[in-house]
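Going down the list, the protein sequences come from chains A and B.
Letter 101 of the first sequence, counting from 1, is numbered 101 in this note's numbering, and no numbers are missing.
Just add 1000 to the spot in the second sequence (first one is 1) and you have this note's numbering.
These are computed hints drawn from the structure, not numbers from a lab.
A quick note: this is a predicted structure, and the numbers were derived from the prediction, not measured.
Ideal Cβ placement from N, Cα and C applies to all residues, glycine included.
Misleading hints may appear alongside valid ones.
Not the full set, but computed from the structure, chain A residues with beta-carbon under 10 Å of chain B [to be verified]:
#	residue
1	Q38
2	Q45
3	F63
4	F67
5	F90
6	F104
7	L110
8	S113
Computed, partial: chain A to chain B, Cβ under 7 Å [what the hints assert, rightly or not]:
#	residue
9	P40
10	L44
11	K101
12	T106
In the SDA-like style, the derived pairs of lysine to any residue whose C-alpha atoms are separated by at most 20 Å in a straight line are [unchecked claim]:
#	chain 1	residue 1	chain 2	residue 2
13	A	K69	A	L111
14	B	K1057	B	K1009
15	B	K1009	A	P40
16	A	K58	A	Q2
17	B	K1009	B	S1024
18	A	K69	A	N41
19	A	K69	A	Y39
20	B	K1009	B	L1081
21	A	K68	A	Y39
22	B	K1009	A	S73
23	B	K1009	B	G1028
24	A	K58	A	A86
25	B	K1057	B	Q1067
26	B	K1057	A	S95
27	A	K58	A	H82
28	B	K1009	A	S27
29	A	K58	A	P79
30	B	K1009	B	S1038
31	A	K58	B	R1109
32	B	K1057	B	P1008
33	B	K1057	A	S3
34	B	K1057	B	A1014
35	B	K1057	A	A1
36	A	K69	A	S12
37	B	K1009	B	E1101
38	A	K58	A	P40
39	B	K1009	B	T1020
40	A	K68	A	T55
Given next are the chains, with one letter for each unit.
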Amino acid sequence: AQSVTQLGSHVSVSEGALVLLRCNYSSSVPPYLFWYVQYPNQGLQLLLKYTSAATLVKGINGFEAEFKKSETSFHLTKPSAHMSDAAEYFCAVSSNTGFQKLVFGTGTRLLVSP
Amino acid sequence: DSGVTQTPKHLITATGQRVTLRCSPRSGDLSVYWYQQSLDQGLQFLIQYYNGEERAKGNILERFSAQQFPDLHSELNLSSLELGDSALYFCASSVVAQNTEAFFGQGTRLTVV
């Protein structure tokens, strides 16, 4: 079975500060990993994905994530937070074999203060 | 705009009733997924269809059922509704059956009173 753990249900940063959202995964097969963002009253939007190519993945809105197999981690970072980054962020894991579903973490709400 | 359309956006109904949620996937996508998002359970995978056939099942209650039609749109049927079924229901679609990238609709917010 696959699972992801997101550390911290809420993360607060100041505008311009580094954003770091943590995600650790568990998977018995090579995983596909995703970060999605959900703005209030909106659906989920894909930020970036790892599908066994480059371990450092760049996404939209200046976000990036690094796949670290030894640490089973896929943390999301952004060098400088913007007020518009305030949202809920979900890490998800899937597999490249068979008809595998996306398994989501519990989400991390990012708060950005001026 | 993800290209995935869900209707209705909001639905209020009474306990014991039956409702149908509709999803139109992105043009060209053959795979449709249904997810339930609630405060206590988070985002839960319900069911996946690929080109009209059921491909994977998650934590879907027996009172719930889904289907994908020849034109690839999908419907999620929820019956004998309970207060605890109140949630945001998302549909997502992808080109292939495997989850390399799924695009989500805006969701249907179901409130059971």
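Each hint tested on the structure:
Annotation: interface hint on Q38 of chain A holds; nearest CB of chain B at approximately 9 Å, less than 10 Å. Residue-level restraint check for Q45 of chain A holds (minimum Cβ-Cβ distance to chain B is 7 Å; threshold 10 Å). Checking F63 of chain A against chain B by beta carbon gives a least distance of about 16 Å; that is not within 10 Å, so the hint is violated. Using the Cβ-Cβ criterion of 10 Å, the hint placing F67 of chain A at the interface with chain B is not satisfied: the shortest such distance is roughly 15 Å.
Among the interface hints, the one on F90 of chain A holds; its C-beta lies about 7 Å from the nearest C-beta in chain B, closer than the 10 Å criterion. Taking 10 Å as the C-beta cut-off, the interface hint given for F104 of chain A holds, the closest approach to chain B being about 4 Å. A least Cβ separation of about 17 Å between L110 of chain A and chain B goes past the 10 Å threshold, and the interface hint is therefore violated. Using the Cβ-Cβ criterion of 10 Å, the hint placing S113 of chain A at the interface with chain B is not satisfied: the shortest such distance is roughly 24 Å.
Contact between P40 of chain A and chain B, as hinted, is not supported at the beta carbon level, the nearest pair being about 12 Å apart and thus beyond 7 Å. For L44 of chain A, the interface hint holds, the least distance from its beta-carbon to any beta-carbon of chain B being 4 Å, beneath 7 Å. Taken as an interface hint, K101 of chain A checks out: its beta carbon lies about 4 Å from the nearest beta carbon of chain B, inside 7 Å. Given hint, T106 of chain A at the interface with chain B, holds; its Cβ is 5 Å from that chain's nearest Cβ, closer than 7 Å.
Our distance criterion of 20 Å between C-alpha atoms is broken by K69 of chain A and L111 of chain A, whose separation comes to about 29 Å. Distance restraint check for K1057 of chain B and K1009 of chain B: the Cα-Cα separation of roughly 24 Å exceeds the 20 Å cut-off, and the hinted pair is therefore not satisfied. Simply put, K1009 of chain B and P40 of chain A have alpha-carbon atoms about 14 Å apart, close enough for the 20 Å limit, and the pair holds. At most 20 Å may separate the alpha-carbon atoms for a hinted pair to count; K58 of chain A and Q2 of chain A exceed this at roughly 24 Å.
Under the criterion of a C-alpha separation no larger than 20 Å, the hint pairing K1009 of chain B with S1024 of chain B is consistent with the structure, at around 13 Å. With a C-alpha separation of about 34 Å, the suggested pairing of K69 of chain A with N41 of chain A is violated against the 20 Å cut-off. Between K69 of chain A and Y39 of chain A the CA atoms are separated by roughly 30 Å; this puts the pair beyond 20 Å, and the hint is violated. At most 20 Å may separate the alpha-carbon atoms for a hinted pair to count; K1009 of chain B and L1081 of chain B meet this at roughly 18 Å.
Taking the CA atoms of K68 of chain A and Y39 of chain A, the gap is about 27 Å. The hint is violated against a cut of 20 Å. Restraint check for K1009 of chain B and S73 of chain A: the C-alpha separation of about 35 Å exceeds 20 Å, so the hint is violated. For the given pair, K1009 of chain B sits about 23 Å from G1028 of chain B by alpha-carbon distance, which is inconsistent with the 20 Å threshold. A hinted pair counts as satisfied when its Cα atoms are at most 20 Å apart, and K58 of chain A with A86 of chain A qualifies at roughly 19 Å.
Note on K1057 of chain B and Q1067 of chain B: the hinted pairing holds, with a Cα-Cα distance of about 12 Å set against a maximum of 20 Å. This hinted pair checks out: K1057 of chain B and S95 of chain A have alpha carbons roughly 15 Å apart, not beyond 20 Å. Of the supplied pair hints, the one linking K58 of chain A and H82 of chain A holds, its CA atoms being roughly 17 Å apart against a limit of 20 Å. At roughly 35 Å between alpha-carbon atoms, K1009 of chain B and S27 of chain A are farther apart than 20 Å, so this suggested pair is violated.
Distance restraint check for K58 of chain A and P79 of chain A: the Cα-Cα separation of roughly 12 Å lies within the 20 Å cut-off, and the hinted pair is therefore satisfied. For the hint linking K1009 of chain B to S1038 of chain B, the alpha-carbon distance of about 16 Å falls within 20 Å, and the restraint holds. For the proposed pair K58 of chain A and R1109 of chain B, the alpha carbon gap of about 32 Å is over 20 Å, so the pair is violated. Between the alpha carbons of K1057 of chain B and P1008 of chain B the distance comes to roughly 24 Å, so the proposed pair goes past 20 Å and is violated.
Between K1057 of chain B and S3 of chain A the CA atoms are separated by roughly 16 Å; this keeps the pair inside 20 Å, and the hint holds. Taking the CA atoms of K1057 of chain B and A1014 of chain B, the gap is near 27 Å; set against the 20 Å cutoff, the hint is violated. Restraint check for K1057 of chain B and A1 of chain A: the C-alpha separation of about 14 Å stays at or below 20 Å, so the hint holds. For the proposed pair K69 of chain A and S12 of chain A, the alpha carbon gap of about 27 Å is over 20 Å, so the pair is violated.
Between K1009 of chain B and E1101 of chain B the alpha-carbon distance is near 23 Å, which puts this suggested pair outside the 20 Å criterion. Proximity of K58 of chain A to P40 of chain A is assessed by CA-CA distance (about 24 Å); at most 20 Å being required, the pair is judged violated. A distance of roughly 12 Å separates the Cα atoms of K1009 of chain B and T1020 of chain B; the hinted pair therefore holds under the 20 Å criterion. Distance hint between K68 of chain A and T55 of chain A is fulfilled; the C-alpha atoms sit about 7 Å from each other, no more than 20 Å.
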